Amino acid sequence: MNNLVFGKYIPIDSLIHRLDPRAKLIGLFLMIAAVFIPKSWIAFLVIGVMIAIALLLAKIGIKMIVQSFKPMIVMLLFLMLINSLSIKTGYVLFSIGTFDVYSDAIFNTLFVIVRLLLMISITTLLTATTNPLDLTLGIEWMLKPLQVVHFPAHEVAMMVSIALRFIPTIIEETMRIMNAQKSRGVDFENGKLSEKISAILSLIVPLFSVAFERAYELADAMEARGYVPGAQRTRYHVLKFNFLDYLFIFICLLVMVFSILSRFYL
Amino acid sequence: MPISFKSLSYIYNKDMPYAHKALDNINLDIKEGVITAIIGETGSGKSTLVEHLNALLLPDEGSLQILDYEIVAGVKQKFLKPLRKDVGLVFQFSEYQLFEETIIKDVAFGPLNFGFAPEEAIKRAAEALKLVGIDQSLFEVSPLEISGGQKRRVAIAGIIACDPKIIVLDEPTAGLDPQGAKEIISLFVNLNRKLNKTIIIVSHDNEMVYNYCEETVVLSHGKIMYHGKTTDLFADKEKLKEFNLLEPQIVELKNMLIEKGFKISSEARTIEMIAKEVAGQVKR
Amino acid sequence: MSLIEVKDVTFSYNGTRNAVDGVSFDIEKGSYVTIIGHNGSGKSTMAKLIAGLLPIKKGKIVIDGDEVNEENIAMIRNKLGIVFQNPDNQFIGSTVKDDIAFGLENKMVESEKMPAIIEEYANKVGLSAFLNYEPQNLSGGQKQRVAIAGILAMHPSILIFDEATSMLDPKGKKEIKQLMYELSGDDEITIISITHDIEEVLQSDDCIVLNKGKIFMHGKPEAVFKEPEKLREIDLDIPFVEQTREAFGKYKIRLKSDDLKGMVDELCRYRSNH
Numbered sequence: 001m002n003n004l005v006f007g008k009y010i011p012i013d014s015l016i017h018r019l020d021p022r023a024k025l026i027g028l029f030l031m032i033a034a035v036f037i038p039k040s041w042i043a044f045l046v047i048g049v050m051i052a053i054a055l056l057l058a059k060i061g062i063k064m065i066v067q068s069f070k071p072m073i074v075m076l077l078f079l080m081l082i083n084s085l086s087i088k089t090g091y092v093l094f095s096i097g098t099f100d101v102y103s104d105a106i107f108n109t110l111f112v113i114v115r116l117l118l119m120i121s122i123t124t125l126l127t128a129t130t131n132p133l134d135l136t137l138g139i140e141w142m143l144k145p146l147q148v149v150h151f152p153a154h155e156v157a158m159m160v161s162i163a164l165r166f167i168p169t170i171i172e173e174t175m176r177i178m179n180a181q182k183s184r185g186v187d188f189e190n191g192k193l194s195e196k197i198s199a200i201l202s203l204i205v206p207l208f209s210v211a212f213e214r215a216y217e218l219a220d221a222m223e224a225r226g227y228v229p230g231a232q233r234t235r236y237h238v239l240k241f242n243f244l245d246y247l248f249i250f251i252c253l254l255v256m257v258f259s260i261l262s263r264f265y266l
Numbered sequence: 001m002p003i004s005f006k007s008l009s010y011i012y013n014k015d016m017p018y019a020h021k022a023l024d025n026i027n028l029d030i031k032e033g034v035i036t037a038i039i040g041e042t043g044s045g046k047s048t049l050v051e052h053l054n055a056l057l058l059p060d061e062g063s064l065q066i067l068d069y070e071i072v073a074g075v076k077q078k079f080l081k082p083l084r085k086d087v088g089l090v091f092q093f094s095e096y097q098l099f100e101e102t103i104i105k106d107v108a109f110g111p112l113n114f115g116f117a118p119e120e121a122i123k124r125a126a127e128a129l130k131l132v133g134i135d136q137s138l139f140e141v142s143p144l145e146i147s148g149g150q151k152r153r154v155a156i157a158g159i160i161a162c163d164p165k166i167i168v169l170d171e172p173t174a175g176l177d178p179q180g181a182k183e184i185i186s187l188f189v190n191l192n193r194k195l196n197k198t199i200i201i202v203s204h205d206n207e208m209v210y211n212y213c214e215e216t217v218v219l220s221h222g223k224i225m226y227h228g229k230t231t232d233l234f235a236d237k238e239k240l241k242e243f244n245l246l247e248p249q250i251v252e253l254k255n256m257l258i259e260k261g262f263k264i265s266s267e268a269r270t271i272e273m274i275a276k277e278v279a280g281q282v283k284r
Numbered sequence: 001m002s003l004i005e006v007k008d009v010t011f012s013y014n015g016t017r018n019a020v021d022g023v024s025f026d027i028e029k030g031s032y033v034t035i036i037g038h039n040g041s042g043k044s045t046m047a048k049l050i051a052g053l054l055p056i057k058k059g060k061i062v063i064d065g066d067e068v069n070e071e072n073i074a075m076i077r078n079k080l081g082i083v084f085q086n087p088d089n090q091f092i093g094s095t096v097k098d099d100i101a102f103g104l105e106n107k108m109v110e111s112e113k114m115p116a117i118i119e120e121y122a123n124k125v126g127l128s129a130f131l132n133y134e135p136q137n138l139s140g141g142q143k144q145r146v147a148i149a150g151i152l153a154m155h156p157s158i159l160i161f162d163e164a165t166s167m168l169d170p171k172g173k174k175e176i177k178q179l180m181y182e183l184s185g186d187d188e189i190t191i192i193s194i195t196h197d198i199e200e201v202l203q204s205d206d207c208i209v210l211n212k213g214k215i216f217m218h219g220k221p222e223a224v225f226k227e228p229e230k231l232r233e234i235d236l237d238i239p240f241v242e243q244t245r246e247a248f249g250k251y252k253i254r255l256k257s258d259d260l261k262g263m264v265d266e267l268c269r270y271r272s273n274h
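Residue numbers (our numbering), protein chains in the order written: chain A, 1 to 266; chain B, 1 to 284; chain C, 1 to 274.
No lab work stands behind these hints, which were simulated from the structure alone. Computed from a predicted model, the values in this text were never measured in an experiment. Ideal Cβ positions, reconstructed from N, Cα and C, are used throughout, including at glycine. Watch out, some of these pointers could steer you wrong.
[As the list claims (entries may be wrong)] With a Cα cut of at most 20 Å, we get these calculated SDA-like pairs of lysine to any residue:
| # | chain 1 | residue 1 | chain 2 | residue 2 |
| --- | --- | --- | --- | --- |
| 1 | B | K276 | C | E246 |
| 2 | C | K48 | A | D187 |
| 3 | B | K182 | C | M167 |
| 4 | B | K78 | A | Y227 |
| 5 | C | K79 | A | D187 |
| 6 | A | K192 | B | K81 |
[Stated by the list, open to error] Computed far set for chain C versus chain A, every beta-carbon distance over 10 Å:
| # | residue |
| --- | --- |
| 7 | Y13 |
| 8 | K48 |
| 9 | R77 |
| 10 | F84 |
| 11 | S94 |
| 12 | D98 |
| 13 | L104 |
| 14 | S139 |
| 15 | G150 |
| 16 | I189 |
| 17 | P239 |
| 18 | Y251 |
| 19 | L260 |
So that you can see chain A by itself, here it is in the shape it has in the complex (with noise of 0.2 Å):
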């Protein structure tokens, strides 16, 4: 469970992680569109070049997207596969026997590769320097429109919370269950299928019945402490726009006008 970085908050302090959540959710809409536009290199190489400054000031290393990105390999080899059969436009890049692969299947699958990998920056970028709860704050805070058609932002925003708030405690009750499992001779890797299947059920059943019991009981410690869903509540964390937030909205919507640009005149 360790090995799992993509969305992973890393709690430092850096000019990134101390600008307003709801900034960089706006700024995440604005770069994912500013990535999707283009269609040149230089285009891209620009955005690039944005996006490892902003990596840059946030302390994340470059071992971080990489590892992120690994998962995604094979699939991508796969499409290189796909468009090399499929696509016979441009010109003949180079044959393998009597097969010819073309320009455009090639440069394609990197265009697909180039706009994954900066995908998979921008999104780091907002999960690695964002704390969960504020991140729930800013998307209460998006969501605040849909409550004139009765969309219960506040409810969404305390059960996102919640479920942060209790992926560490689950994560340990796995573990906990499957341990117990395996000292009653469950094996959890080899086996029929119908051992899997046993083996499965020994684990999920029980951790609902868990997290039932932990849902129960959070509902009554949350009533018994005064809260009623839907009523008025004051917030602890106020959120604040400063200059530094504005600067970066109109630094990623200056990106985005940029890459709308380069459809045109690059």
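Following the hints, position chains B and C against chain A.
Quick look at chains B and C alone, frame taken from chain A:
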């Protein structure tokens, strides 16, 4: 010796900046047919030690001999199943491992995994349930529908039914009421006396340890601080202080009486035995 | 008038067996009351009924002049706080300070005022150095202290501890019991503690023994423990001092002291006198 640790170390998050040596050069021989307690503060490495007994964790350094199985650091193990059959591990809050549709099925789950024939597994399950005091009328009930104390018993029956030679218990009485706790402990004391099972109990309850466990191992920061007779440990005030152990009231009383010149044998571990010995020394 | 009046309350979860069966008692303001009984005796149900977490169908509970019912529930919740058994399942915030803030947010305390209040109550339970800690990095005892801080910050007049120490290690148990004892010194705070811990009962003012949903005994802890046979009858533990008295009683040695030291002195006198 059924269990023997040889210079064993275990490191959590090895190769990470926050690596942490949970067990540090452990050398320990557990006696056969004896109830041994493992005590120490939270985080002293007790649970890590226990998980090694079932090869749930494998040593980073040193080795471990359990019955006829040898686990050596860095060597791949092939005998996990037979080892886990012979060493029954009852986890903390073991009631959370129940999952089958009926109690009897759940208890038979372990024996079936360890290769007992279905009829044999059911027979063993029924016997184990009887032993822990679960009435036959409950056999076909869902294990999720009984009380917490009963669940704990069913979980324990699930281990006993596998007929282990060694039984390891991690905080078996945590969260139970005092009466329930007493019943669980006497169950294991009986298994030890009648069937000569080797029993290891991880516990915070020093009173229980003093009353029922012949030997005690004290762990602190992953190291063994003491291993020997329980009565010797608790008779030594210096050691109790050094290991930050609470003195059970029975020990307090016994030590006070000995200080005043009463003669009390080291075998006197319950208030009844102490009263009997002291009564012989006063005139009524 | 007593602060809490429980009058002939009966409650059943499934309609077949009464978990609480015609229970009546009063609790005075500022007192520290322990409720004991083995698992299934109805003690946790009783705590939930007082806190309004279960609906009262028969009998009534009056707190500070107001009856506990659907209508008054918000007002009554304001007056009481509960510390539950499982330290993990009541930790709502993602850090210590967020968890203490949770109740304040519900109570509509202004954002600017929160940091000072959080600081004050974290300090009160000895956790000011842990404000930014996440629950997985805290011990059970520390988590329970966070829960207590979160509740105290809301200024309740009644604190209910529902087996709050039963899942803790000896160190955690000791810490929480000590904290409860300190809180009981405050005349504005009434404590109701559901417990198995005999030593804790001894530090309370009043003890209610429940058995099969009914009141079995009710009185000062010393008085309750003076009848060990009665407690034994319903499978309850008795304090070590009483166990000692009983064990020596079998040999016709009648010890009169209320502590071990006194008993040892008595035994010495027995030896030298005769």
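Comparing the hints with the structure gives:
no., hint, in the structure
1, K276(B) with E246(C), "holds (12 Å)"
2, K48(C) with D187(A), "violated (42 Å)"
3, K182(B) with M167(C), "holds (17 Å)"
4, K78(B) with Y227(A), "violated (53 Å)"
5, K79(C) with D187(A), "violated (52 Å)"
6, K192(A) with K81(B), "holds (16 Å)"
7, Y13, "holds (13 Å)"
8, K48, "violated (8 Å)"
9, R77, "violated (6 Å)"
10, F84, "violated (6 Å)"
11, S94, "violated (5 Å)"
12, D98, "violated (7 Å)"
13, L104, "violated (7 Å)"
14, S139, "holds (14 Å)"
15, G150, "violated (7 Å)"
16, I189, "holds (16 Å)"
17, P239, "holds (30 Å)"
18, Y251, "holds (46 Å)"
19, L260, "holds (38 Å)"
In summary, the structure is inconsistent with hints 2, 4, 5, 8, 9, 10, 11, 12, 13 and 15 from the numbered list given earlier, while agreeing with the others.
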